[in-house]
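Trainee: Okay, here's what each chain looks like letter by letter:
Number of protein chains: 6
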Amino acid sequence: MKELIEKADILIEALPYMREFSNKTVVIKYGGNAMVNKDLMASVLEDVTLLKYVGVNPVIVHGGGPVISNNLEQYELETDFHKGFRITSQEVMQVVEKALIGEVNTNLVSLANSLGIKAVGLSGKDNQMILAQKCEMDCEVELGYVGEVDEVDPTLLNSMIDSNYVPIVAPVGTDKEGNSYNINADLVAGEIAAALEAEKLMLLTNTEGILEDPEDKSTLISRLKIAEAKQKIEDEIIVGGMIPKVNACITALEKDVNRTHILDGRLDHSILLEIFTDKGIGTMITK
Amino acid sequence: MKELIEKADILIEALPYMREFSNKTVVIKYGGNAMVNKDLMASVLEDVTLLKYVGVNPVIVHGGGPVISNNLEQYELETDFHKGFRITSQEVMQVVEKALIGEVNTNLVSLANSLGIKAVGLSGKDNQMILAQKCEMDCEVELGYVGEVDEVDPTLLNSMIDSNYVPIVAPVGTDKEGNSYNINADLVAGEIAAALEAEKLMLLTNTEGILEDPEDKSTLISRLKIAEAKQKIEDEIIVGGMIPKVNACITALEKDVNRTHILDGRLDHSILLEIFTDKGIGTMITK
Amino acid sequence: MKELIEKADILIEALPYMREFSNKTVVIKYGGNAMVNKDLMASVLEDVTLLKYVGVNPVIVHGGGPVISNNLEQYELETDFHKGFRITSQEVMQVVEKALIGEVNTNLVSLANSLGIKAVGLSGKDNQMILAQKCEMDCEVELGYVGEVDEVDPTLLNSMIDSNYVPIVAPVGTDKEGNSYNINADLVAGEIAAALEAEKLMLLTNTEGILEDPEDKSTLISRLKIAEAKQKIEDEIIVGGMIPKVNACITALEKDVNRTHILDGRLDHSILLEIFTDKGIGTMITK
Amino acid sequence: MKELIEKADILIEALPYMREFSNKTVVIKYGGNAMVNKDLMASVLEDVTLLKYVGVNPVIVHGGGPVISNNLEQYELETDFHKGFRITSQEVMQVVEKALIGEVNTNLVSLANSLGIKAVGLSGKDNQMILAQKCEMDCEVELGYVGEVDEVDPTLLNSMIDSNYVPIVAPVGTDKEGNSYNINADLVAGEIAAALEAEKLMLLTNTEGILEDPEDKSTLISRLKIAEAKQKIEDEIIVGGMIPKVNACITALEKDVNRTHILDGRLDHSILLEIFTDKGIGTMITK
Amino acid sequence: MKELIEKADILIEALPYMREFSNKTVVIKYGGNAMVNKDLMASVLEDVTLLKYVGVNPVIVHGGGPVISNNLEQYELETDFHKGFRITSQEVMQVVEKALIGEVNTNLVSLANSLGIKAVGLSGKDNQMILAQKCEMDCEVELGYVGEVDEVDPTLLNSMIDSNYVPIVAPVGTDKEGNSYNINADLVAGEIAAALEAEKLMLLTNTEGILEDPEDKSTLISRLKIAEAKQKIEDEIIVGGMIPKVNACITALEKDVNRTHILDGRLDHSILLEIFTDKGIGTMITK
Amino acid sequence: MKELIEKADILIEALPYMREFSNKTVVIKYGGNAMVNKDLMASVLEDVTLLKYVGVNPVIVHGGGPVISNNLEQYELETDFHKGFRITSQEVMQVVEKALIGEVNTNLVSLANSLGIKAVGLSGKDNQMILAQKCEMDCEVELGYVGEVDEVDPTLLNSMIDSNYVPIVAPVGTDKEGNSYNINADLVAGEIAAALEAEKLMLLTNTEGILEDPEDKSTLISRLKIAEAKQKIEDEIIVGGMIPKVNACITALEKDVNRTHILDGRLDHSILLEIFTDKGIGTMITK
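Chains as they are written, first to last, in full-length UniProt numbering: chain A, 1 to 287; chain B, 1 to 287; chain C, 1 to 287; chain D, 1 to 287; chain E, 1 to 287; chain F, 1 to 287.
Among the hints, erroneous ones may be present.
Which residues of chain F face chain E? A partial, calculated answer using Cβ under 7 Å [claimed, not checked]:
| # | residue |
| --- | --- |
| 1 | Ile226 |
| 2 | Ile233 |
| 3 | Leu272 |
Calculated lysine-lysine pairs in the PhoX-like style (CA-CA distance at most 25 Å, straight line) [stated by the list, open to error]:
| # | chain 1 | residue 1 | chain 2 | residue 2 |
| --- | --- | --- | --- | --- |
| 4 | F | Lys279 | F | Lys83 |
| 5 | F | Lys2 | E | Lys217 |
| 6 | E | Lys134 | E | Lys83 |
| 7 | F | Lys225 | F | Lys279 |
| 8 | B | Lys38 | B | Lys24 |
| 9 | F | Lys230 | A | Lys134 |
| 10 | D | Lys38 | E | Lys2 |
| 11 | D | Lys24 | C | Lys118 |
| 12 | E | Lys2 | F | Lys2 |
| 13 | C | Lys24 | D | Lys24 |
| 14 | C | Lys118 | B | Lys134 |
| 15 | A | Lys232 | A | Lys217 |
| 16 | F | Lys134 | A | Lys118 |
| 17 | C | Lys2 | D | Lys38 |
| 18 | D | Lys255 | D | Lys230 |
| 19 | C | Lys134 | B | Lys118 |
| 20 | B | Lys24 | A | Lys118 |
| 21 | F | Lys217 | F | Lys230 |
| 22 | A | Lys38 | B | Lys2 |
| 23 | A | Lys118 | F | Lys279 |
Covered stretches of chain B, going by a simulated chain A footprint (3 or more residues, C-beta under 8 Å) [to be verified]:
| # | stretch |
| --- | --- |
| 24 | 37-51 |
| 25 | 259-273 |
Calculated directly from the structure, the hints in this document are not laboratory data.
Backbone N, C-alpha and C define an ideal beta-carbon position, used for all residues, glycine too.
So that you can see chain A by itself, here it is in the shape it has in the complex:
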């Protein structure tokens, strides 16, 4: 009985956080290890289910790195990289699209629905929700069908949220003519959070957060302001794949999202821990 009461106490402790996030939208970018480890995948979706039940509106954006590589291998398509971006021919794009929409997204939707979430899979092509163009600003050189977000139309997402569905979004954009573009999932999440005027953007990664010294976990930076973050990019403390994550946070913050987080997705229930406890984990970037 004592154990039962302790359980009840823990539910009660979460109350103030439920109150704070009630009826707010939270955009969650879900990628890296969390997507290949089946148990972590289930753990993340359980967190999403709980958010839904306590009145939060979660929107999930996923990446697809390893699955894409795996598919390209099966098709024996070799691709070159330029500064971390995959040079993407139309043939490659078709495989990427199949992997993201027909495999990663569809598997996530299956798992989510079997956990009792009313999940619906979407891509930026549905209702031309994510209008994209060839990546130039972010990518410096033309890379084929690597895209950057031109505009997110939140109508379809909002009608899903209003009908109590959880949208799970594949990071594929489209132009008006119907060409597909592969877009960095972090940036898609940032733009969606901005378009939905979400309360929070959470990017799950394979690290503890932003580290001053990438070799030393004890150098985790807990909080950053936009200006500080920009400085650290300039100072090359923030490098590589962390740059689009930080940029996604800045995009979101500049359009009325309140808080953005870079979290360790390898940790069980990192979403719940961030939302329902005082001990924020990972790095929080704010205005």
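Here the structure of chain A is known, so what remains is to put chains B, C, D, E and F in place on it, guided by the hints.
Mentor: Just chains B, C, D, E and F now, kept in the frame of chain A:
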């Protein structure tokens, strides 16, 4: 960090129960010790807050025994009892009404609102919600302004629930002419649960539940069917103040309420324990 | 038959006034003698019923002077006064609250419902509708639980009005922590009229209105502008209990209430006479 | 002041009737003298305005006898009659339609709007609201464009009522091909009351009601059941133009209209007198 | 089969125009020959039906020239003209009103309903939709009951459009006292288009449009800006009955109507041709 | 100009059909050649766009035969067939799912959106819309992840239709555990039509319809009743891939779908021809 993750696990464990009760109405009768012990009072209202945040619609009905006695004393009004019912003159009724509506109800509403629930205090006189008559059927003799429920009009309660308020109801009824009646709060809760077609009726008491032998807690009866309950009243195993509680459950069950519970209100978070764990506590009466 | 036709003519004469007030909100402060004389009480509520039926939305605020004094006597609590304000300890406040909410309000609700109004009793504690603080601005010295209005949240009142209920409000406020405050009912009525952007505020009193010479009824002032009213307070022509009434009118007028009235509540149907005839009675204060 | 208070008392006396008819639909057939005497016309419309303001939904159906005759004369068209029905060629029908829709209806609408009712003129041709066929059942012989009601579609009327308009209906029907038919206005009113499931049907006439002896006003029949009314038609006590009035009442009663009345339209405010006083006037026919 | 496919191709060609006008309001003035030739009348209404089915909201305003003259003749009323305006006594006005509302409007409504449009006939007197005054500004001298539009209240029209009815409006206005005014139908159409903020105003005439040389059809002016149109009135290239048409267009354009057209109503399906093909016909006036 | 008027006439001819299908749902199965020939694909989607604009609600279900085979080849996966069904291992199912959802569906959605339809891609896994089980009833032997429909939940489709989106559905089902099943697209279309209580089900094929003699196009059967269709299956006149098409029609007809069609999808605009002309094409099966 380990402790944090255990907390997250406990939230996750509650998920299937949140799912089950999402958007359902639960009527809670709140009386006895839970009303005099300030800590228990807060604990019950915390539970109610949590129910509200996870999408359950709670309706609270309270009693008022000790506060009524205390008020009558201050007025130096002595009252006689007949078979457990207080013989209630108009003068006594006025004090009872002041105690229930102007003290017990108003204090509960205050506490609930300070905990962040949008609570609104009501009595059966508002919109003539609880039509009552002199108690005859239940009471055998005429006892003055002791009433029994004639009909509950759920309109006002439903409009409160739809607007996301938590109604807190004092067990005072009225007749068409405007006379007030003091009604047993358990019976009021049963009738309200019936009128609202609630999912669950929970009666908080000062005992563990229904005991075969009132002296021996190990004889707690976990489950009873309606017929068995009626038999135990006839056999005088269920006696005294437990009779209206059991009758309230039967009233509710006969009008589409699914489950009814007689719970130990002296236990911290008994409401959450009953709803969010497998180990039902107290006595459950079902069809 | 001729008499019948005269009756019909009188109904017809009221038409232009029905047109003017259709679907408008009117806040009525109800106090003094009108509350102790049973016949006057019924007469006021009949007026309210008629307003409701011809499409006006009445909101009633009541005081409670004599009932409060009576209750304090029964509890043998003696209280001191400072410049007309009762010094209110927590113990006194509890009796005041019981008297206002558990006796005056509840009796008015009963009477109103038996006349066919769908009345619901409220206090400022419901949904923390009237946030209050210790009276300092208006009272000069700290007087215990005598409060002044900090803010009125009209949400609950508006949802009542939209559902066709007539709210009857006891002048008890609350702070965020749940402490209760006794507030001058005239001021509460003024603040509620302001928050609801009511069409009209009507304060029923025990006098003919504002008199130049309180001893001479023929010196009734029919109309006053805000500036004139303020001047007459400075000149001590308006004194005593009339000051908060005039201040309530000014509060309401400064927030888009169109007309405010101080009426003789001892007169049968003074509300109807003011609204449905050309002969305004009492004193009207306008911008 | 005493006179004022008597006025207020009369308003108060009407309260129970307001309560009874609140939000109910009342269909009023308006014809005969009430339509030629300007003062009576205004008096009827004032009654309608008052009904509207106290929450009743009036629907007006008018006849047009004298205006039609007057128009036919101006066109120098002579017409024959068969058992009280005018034999109606297409040419005659065109004049009838112009008189009913372009003169009687339009004048009533003007007058009503200038009194502050939101009146909208309609005929059975709008949205093919009144489908009609050549009168055979009621008329025995074919009479050209004299019609009888086939079906009333209440959609347009209901959308008018929901938007708070007062529909004023000319008794012109149409077939699917668009031919117009002149229909007895009493029968149209009866069918509309039936289709709207109105609370009351009121037919204004040029007599006191149904008289046992048409020469003797003291023989007014106050109440009739359907069966009695049918018997009196058979016995030829009810004859001539009174027959379609009685049939209209029967049609309405057989489809859930509660009460039907044949009233003296020459009396000022006969509608108000019938609705707002105990002394029913004229003849009431009930189930 | 080939023919069938060509038909399908033509439907497909209309698609971009359907898209453009979907859910937009189009006001159509319908007069002159189109009103006397039965086949043209049907052709216009078929066009309107099609507009309705592809999601456009048509509102029709009609004139009545020849029918009015015909009626005045039958009444043997002679009338004088001043600068193209008929001097209109009250007696004349009554005949005009009967002709417009009781004959032209009612016939259009019949025809439209038999084609499957849900048509409802209205005049400016319904709900005092078109407030008018004696024509002075436009007419220079007082001409009796010739009116000009003071204000159009779009409420009734909007509620009709929302309920999917097609309003057909007779150009009769009213003042607050209920007097009727005959108003130029082109001007009424322009004011209604302005009040509804319509997408398009289309005036059907008996000419090809505005001609530089009225004798030479090849001088048709396809497009005009407001300023050019005003200049051509000053230069007396635009004269006579074309002046109010051009003024109606200007009125509409100055209140957010996008495009206005003066079309040849003698041409079959001129409305569809204008809306669903690239080859605009007639004269278009734009900002 | 003459040509223009002929175009207008053709639009007008389509009117009665627009009327008939206004606001009705039509389910279109789209497969075979129509899916590999880019021009036909565009032609079908143009038809869908037009349906949408004239107020019909289209729902598209697609197959994927050739694309699936093509993908399996690229993966070098060989599959056996049993009575026309592909034996489907989990590995094969994954490729099938990618091909259907990540290639066929996504390409259709792109094309549709670039034509101006608000298209959203769905599969039976979204919100577990199509619950499936291993095919036994229809398939006789266990074939791995070949499924049959257990139940279609129309909620998601209906909310899409209500928000004016055109759903494009891939024929992939799911069980409660989240396993995917490849289901015959004709049967999926039939079940969806049944669940939506659609007006019409149209199956586009590579033949003229059902032929008595498959070698002789002149033996096309224009109409069949359910009973006749069943007989022809028994008589082996209807064989092979035509059997599930006919069964899909029967499923739909037995649940309130009015008409079902097997059409020649190789023909340009076959959908429009079937809906908007009298000359039905292909085979219609009715109750």
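Trainee: Now tell me if each hint is right for this structure.
Mentor: Hints and how they fare:
1. Ile226: Isoleucine 226 of chain F check fails; min Cβ-Cβ to chain E is 28 Å, beyond 7 Å.
2. Ile233: Isoleucine 233 of chain F check fails; min Cβ-Cβ to chain E is 29 Å, beyond 7 Å.
3. Leu272: 4 Å, holds
4. F/Lys279 - F/Lys83: 36 Å, violated
5. F/Lys2 - E/Lys217: 17 Å, holds
6. E/Lys134 - E/Lys83: 16 Å, holds
7. F/Lys225 - F/Lys279: Since the Cα atoms of lysine 225 of chain F and lysine 279 of chain F sit roughly 19 Å apart, the hinted pair holds (cutoff 25 Å).
8. B/Lys38 - B/Lys24: 28 Å, violated
9. F/Lys230 - A/Lys134: Violated. Lysine 230 of chain F to lysine 134 of chain A sits at ~55 Å, over the 25 Å cutoff.
10. D/Lys38 - E/Lys2: With Cα atoms ~68 Å apart, lysine 38 of chain D and lysine 2 of chain E exceed 25 Å; violated.
11. D/Lys24 - C/Lys118: Holds - the C-alpha atoms of lysine 118 of chain C and lysine 24 of chain D are around 18 Å apart, at most 25 Å.
12. E/Lys2 - F/Lys2: OK: lysine 2 of chain E and lysine 2 of chain F at ~20 Å, within 25 Å.
13. C/Lys24 - D/Lys24: Cα-Cα ~22 Å, so holds.
14. C/Lys118 - B/Lys134: 23 Å, holds
15. A/Lys232 - A/Lys217: The hint holds at about 17 Å.
16. F/Lys134 - A/Lys118: Roughly 23 Å separates the two Cα atoms, so the pair holds.
17. C/Lys2 - D/Lys38: 21 Å, holds
18. D/Lys255 - D/Lys230: 17 Å, holds
19. C/Lys134 - B/Lys118: 23 Å, holds
20. B/Lys24 - A/Lys118: 18 Å, holds
21. F/Lys217 - F/Lys230: 21 Å, holds
22. A/Lys38 - B/Lys2: 21 Å, holds
23. A/Lys118 - F/Lys279: Violated, because 44 Å separates the two Cα atoms, which is more than 25 Å.
24. 37-51: holds (count 4)
25. 259-273: holds (count 5)
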